[in-house]
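Protein chains in written order, with numbering that gives the first Met the number 0: chain V, 0 to 401; chain F, 0 to 382.
To be clear, the hints were calculated from the coordinates, so they are not data collected in a lab.
Watch out, some of these pointers could steer you wrong.
Computed list of lysine-lysine pairs in DSS-like fashion (alpha-carbon distance at most 25 Å, straight line) [claimed, not checked]:
1) V:Lys60 x F:Lys107
2) F:Lys47 x V:Lys45
3) V:Lys318 x F:Lys120
4) F:Lys234 x V:Lys334
5) F:Lys234 x F:Lys256
6) V:Lys245 x V:Lys231
7) F:Lys237 x F:Lys222
8) V:Lys105 x F:Lys284
9) V:Lys57 x F:Lys107
10) V:Lys274 x V:Lys256
11) F:Lys237 x F:Lys247
12) F:Lys41 x V:Lys45
13) V:Lys256 x V:Lys375
14) V:Lys180 x F:Lys320
15) F:Lys58 x V:Lys45
16) V:Lys60 x F:Lys47
17) F:Lys41 x V:Lys57
18) V:Lys274 x V:Lys220
19) F:Lys222 x F:Lys377
20) V:Lys57 x F:Lys336
21) F:Lys47 x F:Lys62
22) F:Lys41 x V:Lys180
23) F:Lys232 x F:Lys204
24) F:Lys284 x F:Lys377
25) F:Lys62 x V:Lys105
26) V:Lys202 x V:Lys231
27) F:Lys336 x F:Lys320
28) F:Lys41 x V:Lys60
29) F:Lys62 x V:Lys45
In case you want the letters, here they are:
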Amino acid sequence: MSGCPYFQRRHQLINKLDEEVDDSQEGTNKASKGGIIYGDYLQLDKIVTSQLLQSELKGNKIHDEHLFIVTHQAYELWFKQILWELDSVREIFISGHVRDERNMLKVNTRIHRIVMVLRLLVDQFAVLETMTALDFYDFREYLSPASGFQSLQFRLLENKIGVCDSGRVPYNRRHYRDNFKGQESELLLRSEQEPTLLQLVEKWLERTPGLEEDGFNFWGKLQTNIFEGIRKEREATEKMPDSEFKEEKMDELNKQKDLFVSLFDEKRHEHLLSKGERRLSYKALQGALMIYFYREEPRFQVPFQLLTSLMDIDTFMTKWRYNHVCMVHRMIGSKTGTGGSSGYLYLRSTVSDRYKVFVDLFNLATFLVPRDWVPKLSPNEHPFLYTAECCDSSYFSSDDSD
Amino acid sequence: MSGCPFSGKEYQFKITYSTTEEEDDSQRGIDKAAKGGLIYGKYLQLDKILNAQALESEKRHSKSHDEHLFIVTHQAYELWFKQVLWELDSVRELFIQNHVPDERNMLKVVSRIHRITVILKLLVNQFAVLETMTPLDFFDFREYLFPASGFQSLQFRLLEIKVGVADNRRVPYNRQHYRENFHGQESEDLLRSEQEPSLLQLVEKWLERTPGLEEDGFNFWGKLQANIEEGFKLKMQKLEKEPDSERKEDMLQDLKKQREGFTSLFDSNHHDDLLRKGERRLSYKGLQGALMIYFYREELQFQIPFQLLNSLMEVDTLMNKWRYHHVCMVHRMIGSKAGTGGSSGYHYLRSTIGDRYKVFVDLFNLTTYLVPRDWVPKIEPQH
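Same shape as in the complex, but just chain F (with noise of 0.2 Å):
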């Protein structure tokens, strides 16, 4: 006897389920849209978006069952990129067109910035799906794919390009042949987006306004170097009193060690030095903006330009993990092979992890500079 009672229609049993049979409010209703008017499938435009899945595979006559999932999962990827794309203009568009000043405007950013975290959380979980495909299924449709690659991703190297990677920080595969995989209108695209300012551009102009660090105002850096040398004169002069040991010599050593580290950090020579080489990428001002941000995060106009400053860290950690995810997927699905596109394959993949893609690497790196909250400049309730 079959499971369902009206398979066949051998029974005309009325199911009665006694107690959820009851009219009650949640079942009332009428159905609005049989009566015309704009529909599901054609406000998402449904006809474009599921015809779009053509397996190369059964078109040379070797259909191929995972290359669906394939199709579908880089599909899923190209429309979140739109997604984040979208967003990350509107933040762009509010700080070029000087909307920020107001700063009503800020939660906007806030807001926004944290949504493109969240996409990218999605897409890092999203692996898991493609990987439930197995080396020995994709083989089966490799080869039909050549040349095909993501370096052709045009959106993927716009918001690469958007968000704030540098041209000189690229790898140098990378960085020779990124450009050449597009013609025509993306070409153009392509290089407004480089010319355009960044997201990192537009966040560094922003850090070097905040307010506190003018020097014939509060003047945050001069009061913060004064108090961290006063600091470390007061441990110092403590540590002197102490008894000799190798214990004290120790902790002197580590102490002189921690004063050069600031120094350094006074020095706005050095400071240009690594910029040049792209081993910071803020100014000198910005730099110190985020810091006052650090330190005065609870102050109320402080609170979202700090819940910001996380936001873009999290965007940079987020895309690391993405390349991640993405170089442990490719050497499992093809080991050392090249890549479709022409690349070295997952050892070209490997080589973009780490700070050389990382945008806001001075955000993660003030947290060298943290000092105890007494020796942070107090700031008067006037301020």
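One chain only, chain V, in its complex shape (with noise of 0.2 Å):
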């Protein structure tokens, strides 16, 4: 029989293709009559005119390079949105609007946003990776020294997420503020003092209802439970007969003892901070571990989704660098980068924990304990679990906060 899927009905079809005219057909033109216009409205003459091959202007065009430059304008198109996104989100808890728990969905969606965009932009290497080396090395000499090092937004990214100046590898820590004069030397300044999402999430972590010591007192509970929980294990290990499983056990069970003896102990904590392997104030990981612990109350459900979509940003973020990093590799080699970093070294360099903004949230996965060791909460005793703050008298459900 023929493959075409028309051919035993075709005499219908002709009919039926040719005469639809039904609901989906009808409607007019609008358009035509004048008006914003989508290319007007998306100001397309810029953007679709900004292409200009350095390979063509030196009069050797090369085609690969159209792809280059595509790539990382849509790139910075996508840091612009994501900027956009996080300073609105920044101000919400700068202008204290966070306080009023209505205004916590606005913050998840659009830090979950945040972390769909950087998903597309790990992706979207994939795209810039069909180029071979040997294409890019016909044009890669007709772009020095412009570099990634001068991408003004992807500093203001990393700064206003909260990466750390002294977080920072030497080299980057060295000169990534050589890059940037005038206007864009002072709006990477600004982004260095003002509140950095991290230094926000801190405070607003801080404020977790429950760590009130004269209150529910989490923290105190926790301790006395974990360490009760720790002693009773111990007591039934001692009671086994003697034997290798029974001697590994108490090992295990000592090295628990000890990390919690650690978790607890606030100048190690202060210690760690000053190293920059913890960039929490002792009281806010306090708040962190809470929500962990309670996120199934109403009130703790959605800032459990911030936290863990904060985490996504961060592994994202690091993906993205990896990805870089792969990349790279592969077009140059062990070549320095046009900037006159070693290249694909210095990359590598940047792939690690130092970069990790909330590296805190995801430790707090060290010291999860059974379900029957955290404190019990319960509705009747504890009313802070269903009363949410709405007192700011400036929320609208429609209002924005920008």
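Reassemble the complex: the two chains are provided individually, in unrelated frames, and hints are given to aid placement.
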């Protein structure tokens, strides 16, 4: 039988296709009557005429340079979008509007949106990877010394999320400001001085209901429960007949005890903070752990989603860096970068926890405990579970926080 | 106590990362850019790109946060459309300039068509970003957009036309109105793209030249027809010898149907009829060339051409997926409301899904005619 899917019913289909004027085909063409047009709205005259090949300018047009240009322009467009979302969220915190918990949906949605864009940006490498190293070689010489080091938006993004200057690898720390002058340099400076997402989230975490020592006292109760729990397990293990298994178990329990002793050691936390290995304050850490343990309480559900999304941001930024490294290695091997860095080797050094802003949220998983060790909460005894703060008089459900 | 030891400059700690503070090779280098020369931002004309976002809602003093996402998403799509057109035109040019008989250019052709598919895949994934906008948030600024509409995307139409979407296959509303949106230079560009050879037409001519089709040479088609007839005859004979049963009857019926199908394959009048109706798009000879490449794909000279045929089908598949994702999102955003450009909106878009806009539909349908390997005419090494 013929492959054509219309073959057997072709008579019906001819008539139907040609004369089908069902509702889906109704309508008038409004645009031809004037008014704002798609191309003007999107200022396509600017967007679509911004691709000038250096290789062509120098009389040796290389086809693949167009892809190189467009890929970077797409990245910068999306960086702008991320900054738009990031700044709006920071503003909600800075203005204090975040205290009205009805604004949390907006915060969460926008942080999640940033994650979705980052996901796309990680996938986008596959497009540039269709360029071979050989084709890149044909026009790379015309690019020097332009370099991604001069991407202002990328630096603003790092700073506003919370990458700490002292956390940057030496070459980065030494040179990253040199690339920007005048207005750009001012913007960069301001992004270092204004509250970062990390700092704002930290303050918010410190305010987590339930931490109050004269209230629910989560931390005190947790500490009691954990050491009680370990003690009981110890006793049970002691009672066992001697064996290799018993020795291993005792060993584990000892390690576990040391681990939790360190968790409740505030001085130790301050020490790690000063080394940059922790980024959140001690109180904020407690707030985060509280949200983890009580995430199913209605008041903590959206906050829990927020913490997850913040870790996603770090994850995708790291994946972005890693994909970038792999591609650069393929493209230029061990050659130095156009901006003057060691190239691939430099980039590889930035794929590390040093640039992980919310590293503490990841590390909290080290301190998870069995559910029954978690201090019990009951809505009757602890009304803070269901009374959200909504006292911000400036809140309107249609209000835009910008 | 704040997290960052440097905020407020209260502490003058020097953070020491003991292991990584080593000045190993990775941290060497100078900063070249500070000495002047081509700068990233100038090279990419970021002053234009990053200053092209003007919210209509803001102009009307009712600034809607999500409108920025709406604008940037569309601008990203248009940037990538430009890139796809860049690749597409370069491939069409290779065919038009007749550089393709030099088989060394085939790698370029295949790489660039494949690149188009990678971009289209990204564009399909890109919907997930816009889908983070809720219909309620969209409603807050949609009124300011009228009558701007995707119908006015010149690059999208150029893309359709240059790949090979046939005018008479467009759904009625599309066919009637799609040109009206463009005036002046844009209208000329559109007209020119309709008159110049499309990718489909160029590929068709290339397929017609597939070595092995020559009737006074290898005569693939003649040999294939003979082998298929012989193959069916043998199968029939074998089946007839079986004892009578209901199963035998069913199998005989199936075999007869299959044979009829192949008979129609070798009926050039039937093909021309379907061509006229637009249900087939390739010429009869083009079809033969494609089937030849399928059957002999492992031969050295057909390996890359086979990859090309697969990539062409991938382009159709991804364009269709793009349309489908678009439909789903529009349905969620505006339900059954009319589009800003005046069409019926979701219903109109839904009518564009399917085979009508599938340019390389014949390549898909060819798999109907696959035969057992031993029916395929043998190639002698000297061919």
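Measure nothing beyond the straight line between the CA atoms of lysine 180 of chain V and lysine 320 of chain F; if it is 25 Å or shorter, mark the hint as holding. With Cα atoms ~45 Å apart, lysine 180 of chain V and lysine 320 of chain F exceed 25 Å; violated.
If you draw a straight line from the CA of lysine 58 of chain F to the CA of lysine 45 of chain V, is it 25 Å or shorter? Holds: lysine 58 of chain F and lysine 45 of chain V sit about 19 Å apart, inside 25 Å.
For a C-alpha distance cap of 25 Å, please report whether lysine 222 of chain F and lysine 377 of chain F respect it. Given pair lysine 222 of chain F, lysine 377 of chain F holds - Cα atoms ~9 Å apart, limit 25 Å.
Given pair status - lysine 107 of chain F, lysine 60 of chain V, alpha carbons within 25 Å: Distance of about 16 Å is within 25 Å: holds.
Mind checking the alpha carbons of lysine 62 of chain F and lysine 105 of chain V for me, to see if they're no more than 25 Å apart? 16 Å, holds
25 Å limit on alpha-carbon distance, applied to hinted pair lysine 256 of chain V and lysine 375 of chain V: Satisfied, since the Cα-Cα distance of roughly 22 Å is no more than 25 Å.
Check whether the Cα positions of lysine 237 of chain F and lysine 222 of chain F lie no farther apart than 25 Å. Between lysine 237 of chain F and lysine 222 of chain F the Cα gap is close to 22 Å, so the pair holds against 25 Å.
Taken at face value, is the distance from the CA of lysine 231 of chain V to the CA of lysine 202 of chain V at most 25 Å? Measuring from Cα to Cα gives roughly 36 Å; hence the hint is violated.
Check whether the Cα positions of lysine 232 of chain F and lysine 204 of chain F lie no farther apart than 25 Å. Not satisfied, since the Cα-Cα distance of roughly 34 Å exceeds 25 Å.
Quickly compare the C-alpha distance for lysine 60 of chain V and lysine 47 of chain F to 25 Å and report which way the hint goes. 23 Å, holds
Between lysine 41 of chain F and lysine 57 of chain V, does the CA-CA distance stay at or below 25 Å? 16 Å, holds
Lysine 274 of chain V and lysine 220 of chain V: Cα distance at most 25 Å? 29 Å, violated
This entry does not satisfy hints 4, 8, 14, 18, 20, 23, 26, going by the numbered hints stated previously.
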